[in-house]
Amino acid sequence: MSTSHDRHDLFPGALEMMILQTLRLGPLHGYALAQAIRRQSDDLVHVEEGSLYPALQRMLKAGWLAAEWGTSARNRRVRIYRLTTTGRQQLERKVSAFERLLTGITKVLRPHES
Amino acid sequence: MSLWDRLLRSRRVTREVRDELRAHLGERVDDLVEDGVPEAEAHRRARVELGNAARAIEDSRGVWASRALDQLARDLRWTWRGLRARRGRAVLAGVLLALAVSANVLVFVAVDALVFDRNPYPNVRQLVTFDRWLVAADLAEWRRQPDLFASVEGWFSGTTFLLGADRAEHLSLVNVTPGLFESLGVRPSWGRALTRDDGARMDEQAVLVSAALARRRFGSPEASLNQLIPTAAAPLRVVGVMPPDFSFPSNGSDIWRVLDPAGPLMRNRAGLSGIARVQDGMSFSTLAQAVTQRSPAVAAATGVAKDIVYKVQPYGLVRGGRDQLRMFYVLLGAALCLLLTACVNVLNLELTVVLGRVRTFAVQSALGASRGTLIRVAVLEGLVLVGASGLAAWLLATLTLPALRAALPEPLRLSTSKTLALDGRAMVYMLVMAIAIWVIAALPPVIYASRLDLSKPLKIDDRSTSPRRVGTLVRRVVTIAQVALAVLLVIVGGLYVRTYSSLLAQPKGFDSTNLASVSMALPMRFYPSAVSRQQLADAIVERLLAQPGVVDAIDGPTPPSIGNSPTVGVRMVIDDQVRDAGTGRTFGLAVTEIDPRYLQFLHVPLVAGRWLAPGDDPTAAVVSDRVATRFWPSVDAAIGGTFDAVDQSGGRTRMWGPGAHRVLGVFADYRTRDRDGPYASRAPWEEIDAFVARQPPAPPPTVGPGELDTGGSYGIVGVLARLDSHERANAVLAAVRGIDPRLTTSIEFVDDVYAEQYRTTLLATRIVGGFAVTSFLIAMAGLYGVMAFLVAGRTREIGIRMALGADRTRIGRFVMGSSLRLVFAGAAIGIVAAVLVSRTIASQLFGVTPTDPATYVIVAIVTIITALLATWQPARRAARVDPVQTLRAE
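Protein chains in written order, with this note's numbering: chain A, 1 to 114; chain B, 1 to 890.
So that you can see chain B by itself, here it is in the shape it has in the complex:
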């Protein structure tokens, strides 16, 4: 029987026995009256005979209710009274804890998904990936080693254009071998799995879709089954919907299609990513050894290549953005600091409550409440408080999780196969944290209450009793700890803010004011030739120029992109001399055809020579001053120089271009990628960029018979436009969309594109900054509380001092002084801690050293000023104490 039922039963028994006793009394009175007893006397006698009715009721209820239960009910009643008596303070404590706990849960969820990256597949430890691309023969050969692998599968990612009623959706489409999902141990939640036969039909392709896509497009997973989705190529038939939390190979995959490794989809592809499930009981090291040993035989058997060494890696280890993930440790630390601040603050509040209740305790104890009862009530109060704030925290975390998801930088979001969710692990984490909070914040007052000498407060009303003094000491220590934690957090937050602003303030080297990039992703099928794509770009430029608010527009790459990817691993040939990049490095040469006006459009300054002009042939190039001075003694010396690239053996590697290029002009280098930021990608090659004038598009390529376009091949036409204000963006986008509504059109400002590179830093800055501000406010509120409490507790002492001649200024200064002592101690500890901690985040900083004096000094000054403000009111109250009144009250 539940506790609630039992409590209800107790009430019912009371009511029923009371009714019965009333009936009993009535019957007896009637009997007596019938016997001739006068009515008043009959009533009296009946009552006397009945005896103590209240006792009978109590005993009857006692039959049903256990003793423990009664006790619990009473304890709960007292707990409720205790919490209600605290009013604002209980609410404040709950809110503080809820804030801190939800912050922790959110950060934990992010860390859990991104850093620990637990994969949702069963027995994920048995999954390995191959570190090179595999072809059909590789898969077949490794499948012939059943002592090693239970299954060997492959996949590659592509894209597709889903055509809708209004506009196209450009989505990722993953091609998987038929057994891959079975190997992962995952099945569709709706519909059926993919089979080998699904790969045979190319006019209509069977696909599995994500639950999110099914909902978005068809309303529900059930409704999506057997639906046909038109694409830019063959339509897709939905045969199944994957579980909502499923992702492979990363978040953001929405469609999966069967792939025959020897089939037409593999045409023009170098190979597949391989994934295999290891046989039961085989350790990874044994497997790795066996794979290396068998490599030569397998390579020979494939007949494709010899001397290949295959390597396997545990699944999930090959991922980018590792160093970005380190940031999350900082977030975790910051969240814990915030939680600690909140905890000690609540401890502070709880101590005040206990101190304020010494007399209440004493009275209750004198009335017969045992020490056990008092302790039980104190424990219950703590549990209720922590429990309620835990619930609130969970709610808060649920509400803010979508915002966190949205704030995650793309590379981080894609680096995990798990979506951020408040799952069982987050729940366990929160419970552990709640217990910790209870131990830190709620247990000390309980211990304190249990050791209280309850007889004393009733004998004399002495404000300087020892428990009070102990309480004050504890509260001072707690205040110092709060200030220290807050100062530490604010310094770290400050370092992140400085980092982010330094990153944004880096000169770009071109004018990015109101510069927007308008791009259209287009299926190659719609615009199969270079000519048609160029015509589209020209049409966009024309449409843009006709728009009000568009200052200028040009067909060209959006910085930081320079257009072409570099041909990497080359040696440069400068004025017929072969040059190496230096030990262990190579060059990467990118030559991009641009509109000759492009660099002028960006307002990039010319340093030497001349700009490109229409009609220049592709041998004429302009390079940046960085490239010029890398190879020639001066920018002027570079003019007329020639450059080309050869591979490591000296042969020509470039499939494009007319041969060597001649330097026509040198422009001031502009920032094409994040070279210096904390998460800058450090390529193993040295990038050399050059621009040549755009040539008329080549005639349409002849499409060979049997060429398969599955709707995935696409191009992006991007056009730059300089607007007169940011507000024009939507109108401009709408105008361009009208050119071809089937395409996915987007607009973004170049400044935002650059800022996007620093989104990880921005996320850290926002989160750490938010935590820092919160914890600072909590600490200052705590300081105010302690000072107000000290002043209130010392009114008598202050009164005596005044009576003995101390003036008001001195009293005020005395209060300020004792507050500042706490703050100085806290700030000193916080600063030392910050010096120690900031060293570990040095790699995440930019444009600021971990011990940046300005940041430290500013934080110290702000802390002291805020502390003075927080103490001002208590100090004034102390100075206003009227000695006559205080002493009269004695």
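Just chain A, with the same shape it has in the complex:
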């Protein structure tokens, strides 16, 4: 449960980046996507579903994702999202930008290590 973890506010664009990264491994439906992000972050990042679906819509609109209706492993009608070429490029741009930012922040936080 969320109370057992520290909740982390995500910075703008982080959720999109994680979705893109997660979908790079293969198409997923909304719930599976949320679960995958949670597992991969060792339960540190907890995606609030309320923000997941609008984010997916934003990315659909931007053309980073494509979606089609299919069935889940439990035979439920779900919408399955996959990465588009534009989405892949977007991910690379975002990740490199994020890594630069992270390096910068790290340097500021631990100046003696540099």
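Note that these hints are calculated values from the structure, not bench results.
Check the hints yourself; a few may be wrong.
As the list claims (entries may be wrong) - Negatives, chain A to chain B, calculated, CB over 12 Å:
hint	residue
1	Leu20
2	Leu25
3	Ala66
4	Glu99
5	Arg110
Unchecked claim - Under 7 Å between C-beta atoms, here's a sample of chain A residues computed to sit facing chain B:
hint	residue
6	Gly30
7	Glu48
8	Gly50
9	Pro54
10	Asn75
11	Arg76
12	Val78
As the list claims (entries may be wrong) - So the derived label-pair ranges between C-beta atoms look like this:
hint	chain 1	residue 1	chain 2	residue 2	range
13	B	Asn52	A	Arg88	42 to 48 Å
14	B	Gly424	A	Arg88	31 to 37 Å
15	A	Glu92	B	Glu39	53 to 59 Å
16	A	Glu92	B	Arg77	30 to 36 Å
Quick caveat: nothing in here was measured; it's all calculated off a predicted structure.
Even for Gly, the Cβ is constructed at its ideal location relative to N, Cα and C.
The hints should help you fit chain B onto chain A, whose structure is shown.
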């Protein structure tokens, strides 16, 4: 992406995200249950984790829908609610506007076609006509002036008889030089154009036909191509069909044929009408000057005549019926008055709506709707209302246009080359009008709503708040304006009605009761000699007399025609003395051979002398008392007098007749033409008519070799019949048609022929009268609305007055009085306006002065009585107010 697609997308996203969230929830519950959580608890937890689903959906939709769009959708929803809440009032406003707008569009279409007469030819400003007839040599010489003209062409109109399976059709046929259509810049829409070679063949003639004729006769323009149409002479071969809106030289032309100006068609013709296209860049004044300058040289070169001065005129200026067209300005004014009445009435309705919605506005505003939203909704409501009524008006105009076309008097219809149609210009006119309506009727409530203090109505429910009072003042002014406009229109309408009835009531001077004219138009080829035509006329009379219901019949001209056209430009010789008509005028003498019984048949009284009798020779004549007293001291003195005509130089001009005529008898003059009506043709000569006994027909004329009958020459045999009732007409017509089914036979009543002269006035009377009645009803409905509203708004005041001792009669009188004040003010303004306006239509009136007291008084009385009736119900309601109940409600 269209607005509609976007609205649809918004719904789809909502649905899809909702489905996704449901699936998400299901998956989570399944997971939790698999982890050993009890099902009820699993559901609860899944829901908590999911958070606010509605918000997620809303946010998802927000990704796609723009803010403006959402706002618009909401505004539209409110607009729809607002309009629905108004129910009858919105419908009433829409109907009023639709009526007024369609009336305006129709009048505009008529004015546009008839008054402005825009020609459908490209660059019509480059077209000029010659003011005299041209012969082949004239055309050739002017074509040799390429610095002036790009082309010089000619044409003349004739007729032809198309023979059909059952009966003949008598149609206009226009003969044009081969280059004329090219010069106009018009090509056939189907088939090919006419070429010079088409004029060479006379046994079968290539023609272009109108799209209307092609459809009527062959079903479609395509089907008519290469068809052969039999005529009374050589058959016509359809080689092309003109565009549907094409007309030349006027409406009603159906067939065009190539004309060689030097060819056989020109035999027996004085010349052609000339039309030319001016070279690019040449101004009309330069051209006119050059044409005058070169006239002598051109005239000399033609070798036909010398000392001719050619003149050119811009195309379209030479047309008759100009003064009839003035009537259309009146119609336009009347239509605009009607529109204004409708507008102010709608304004009235809209104001009521706004006043009634002050509280609604206030509540909406308290719930967070911005002032902007309220204004936007008010604007939208206005737009929807005006838009819907605009559409309805267009539909209404489309439906009524055929009726207007049919009501147009013949001379007006033929005076334009354009058919009445709802075209792009009419559309633009309507849009402009719709915007004007919106500004007049829908904008003031919007402004009003925008300035409303929205906090007030919620604090106290005070009926006397200032916006309400302002509203009442505006509504009073608006009511006065409505009444004024209606009174103005009704007075003008009344003047037209009086004019028309005076015209019809003019004594004809003969008995026209059930008098009908039966006529047959016949190709000369079928009845080539005078003898054969006389035999046909006799056969018709015989057939008529054998018909039940025919009281009498006679072979003779149908009044107002007297038969022969006058020989004009003459001087009269009375008892061997030459007489002039007076300065600047001449005489026109018409002597017509008639059946000696003709005038008695018409019941024209004899004043002096004796009637014509069979066997009288053609020198013996009867004249009217008008002619007799014009030349002799008395009608009796005219008996035995002689008259003749000579031309201006004193020589004999008449190719006919035996010389001088002797007056045998004098009859009371009867009305042979419209001499006094507002659109009477005023000939520059003084008409002198005389009748002589019909002589036996001359032997058949010898037809010279090579005489070309193209089927167009025709005669009309007309016979008068007095029936016992109008219902006999069809049976009589059928009987006569049987004599020769190939001919075009028709029957009409002489009274109708006379009424036809006043058809322009009738049209104006009907249209202005219709507008007047409509606007009067609108104004009175508006008055009722205002009074009902006043009474409803003042119930409390009335209750207090009653409690203080005012009796019911006084209250009723008080309401009546305030209504009548509005009506008196409106009627006074309307009457003053009518006095000013009617002066401009004085020339269109007859038998009534523009300030005819009777008309004004009657309109005033009717207005006041109707106003009293309209106020009666509100007044009664006011008088019935129960003071106890009103005050208790406080």
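Going through the hints against the structure:
1. Leu20: About 17 Å separates Leu20 (chain A) from the closest Cβ of chain B, which puts it past 12 Å; holds.
2. Leu25: holds (19 Å)
3. Ala66: holds (14 Å)
4. Glu99: holds (28 Å)
5. Arg110: At about 36 Å from chain B, Arg110 (chain A) clears the 12 Å cut-off, so the statement holds.
6. Gly30: Where the cut-off is 7 Å and the nearest Cβ of chain B is about 5 Å from Gly30 (chain A), the hint holds.
7. Glu48: With a minimum Cβ separation of about 6 Å from chain B (threshold 7 Å), the hint on Glu48 (chain A) holds.
8. Gly50: Check passed: Cβ of Gly50 (chain A) comes within 4 Å of chain B, closer than 7 Å.
9. Pro54: holds (4 Å)
10. Asn75: violated (10 Å)
11. Arg76: holds (5 Å)
12. Val78: Holds. Min distance 5 Å.
13. B:Asn52 with A:Arg88: 42 to 48 Å: violated (32 Å)
14. B:Gly424 with A:Arg88: 31 to 37 Å: At 54 Å between Cβs, range violated.
15. A:Glu92 with B:Glu39: 53 to 59 Å: violated (44 Å)
16. A:Glu92 with B:Arg77: 30 to 36 Å: Once the Cβ atoms are compared, 45 Å apart, the range 30 to 36 Å for Arg77 (chain B) and Glu92 (chain A) is violated.
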